[in-house]
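Enquirer: If you read the protein sequences in the order shown, they are chains A and B. If you read the first sequence in my numbering, its first letter stands for residue 573, the second for the next number, and so on. If you read the second sequence in my numbering, its first letter stands for residue 2, the second for the next number, and so on.
To be clear, the hints were calculated from the coordinates, so they are not data collected in a lab. Warning: the hint list may mix true and false statements.
[Unchecked claim] From the derived model, a few chain B residues whose C-beta atoms are all more than 10 Å from chain A:
(1) G17
(2) Q29
(3) S43
(4) Q52
(5) G53
(6) D65
(7) F108
[As the list claims (entries may be wrong)] Label pairs and their computed distance ranges (CB to CB):
(8) B/T31 <-> A/D666: 34 to 40 Å
(9) B/E110 <-> A/T585: 28 to 34 Å
(10) B/T18 <-> A/T616: 31 to 37 Å
(11) B/F76 <-> A/D624: 38 to 44 Å
(12) A/K682 <-> B/G41: 30 to 36 Å
(13) A/D577 <-> B/I13: 18 to 24 Å
Since this is a predicted model, take the numbers as computed values, not measurements. All residues carry an ideal CB built from backbone N, CA and C; glycine is no exception.
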Amino acid sequence: GQNIDQPTEMTATEGAIVQINCTYQTSGFNGLFWYQQHAGEAPTFLSYNVLDGLEEKGRFSSFLSRSKGYSYLLLKELQMKDSASYLCAVRDQDSNYQLIWGAGTKLIIKP
Amino acid sequence: SAVISQKPSRDICQRGTSLTIQCQVDSQVTMMFWYRQQPGQSLTLIATANQGSEATYESGFVIDKFPISRPNLTFSTLTVSNMSPEDSSIYLCSVERLPANTGELFFGEGSRLTVL
């Protein structure tokens with residue numbers, strides 16, 4: 573079956589670093605995505621990994637290990653505006669390349 | 002990027018009524034997707050709206066409950082029929098960033114429905 577797990581909620585301090593983990597089980601893995609969703613707003617694209625390794629984009633980095641079915645999103649130099657939900661999604665070629673979504677991790681940034 | 006306008010942004014509806022949500026995109030797109038996001042839960046794909054053909058529904062969603070129209074390449078509607086409190090949710094329209102099949106989606110701001 574298909575399954576995506578990520579922590580429900582995390583808390584971090586402004587200026588610090590936080591790592592949000594995502595584990596997945598799919599039959600036809602074809603890429604992993606991270607989206608950011610502020611409360612009451614639409615999700616916005618953050619990153620895409622299809623090969624193993626780290627993709628860096630400014631303060632945000634995303635890592636993928638296909639053999640372990642594991643990804644993480646790393647946020648550095650946290651700012652208050654980073655308080656949001658972070659959604660992990662996997663594209664599954666056995667589901668017509670649709671995205672399978674995790675429930676999201678609510679990140680709370682404290683001063 | 003694509004600009005997606007959805008309306009209504011929110012509504013309070015009575016049980017048994019139906020509501021149509023509109024989605025307008027500022028560019029022509031082949032496929033438009035309708036998602037549901039219930040409080041604290043993940044995004045769930047309802048259906049894919051294709052221009053010129055019937056929508057493709059995901060398991061657990063049927064056309065009688067969620068009829069979809071796609072009259073052209075920039076517009077789609079989703080109707081939530083015979084609503085019950087369980088239909089209270091955020092409904093999101095999305096399109097894929099071109100070139101197609103990259104998986105990166107743009108979303109409308111969502112329509113928050115509360116059914117009493």
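Enquirer: Hint by hint, note whether the structure agrees.
Expert: Structure-based check of all given hints:
B/G17, annotated as away from the interface, keeps every beta carbon of chain A farther than 10 Å; the closest lies near 27 Å. The claim that B/Q29 is not at the interface with chain A holds, since no C-beta of that chain comes within 10 Å of its own (minimum 20 Å). For B/S43, the non-interface assignment is contradicted: its Cβ lies about 4 Å from the closest Cβ of chain A, within the 10 Å cut-off. With a minimum CB-CB distance of about 18 Å to chain A, B/Q52 clears the 10 Å threshold, and the non-interface call stands.
Against chain A, the non-interface label of B/G53 holds: every CB pair exceeds 10 Å, the least being about 19 Å. No Cβ of chain A comes within 10 Å of the Cβ of B/D65; the nearest lies about 22 Å off, and the non-interface call holds. B/F108, annotated as away from the interface, has a beta carbon of chain A within 10 Å; the closest lies near 4 Å. In this structure the supplied range 34 to 40 Å is violated for B/T31 paired with A/D666, their Cβ-Cβ distance being about 22 Å.
Separated by about 30 Å at the C-beta atoms, B/E110 and A/T585 satisfy the suggested range of 28 to 34 Å. B/T18 and A/T616 have their C-beta atoms about 32 Å apart, which keeps the hinted 31 to 37 Å range intact. About 41 Å separates the C-beta atoms of B/F76 and A/D624, a value consistent with the hinted range of 38 to 44 Å. About 21 Å separates the C-beta atoms of A/K682 and B/G41, a value inconsistent with the hinted range of 30 to 36 Å.
In this structure the hint that A/D577 and B/I13 lie 18 to 24 Å apart at CB is violated, the actual value being about 34 Å.
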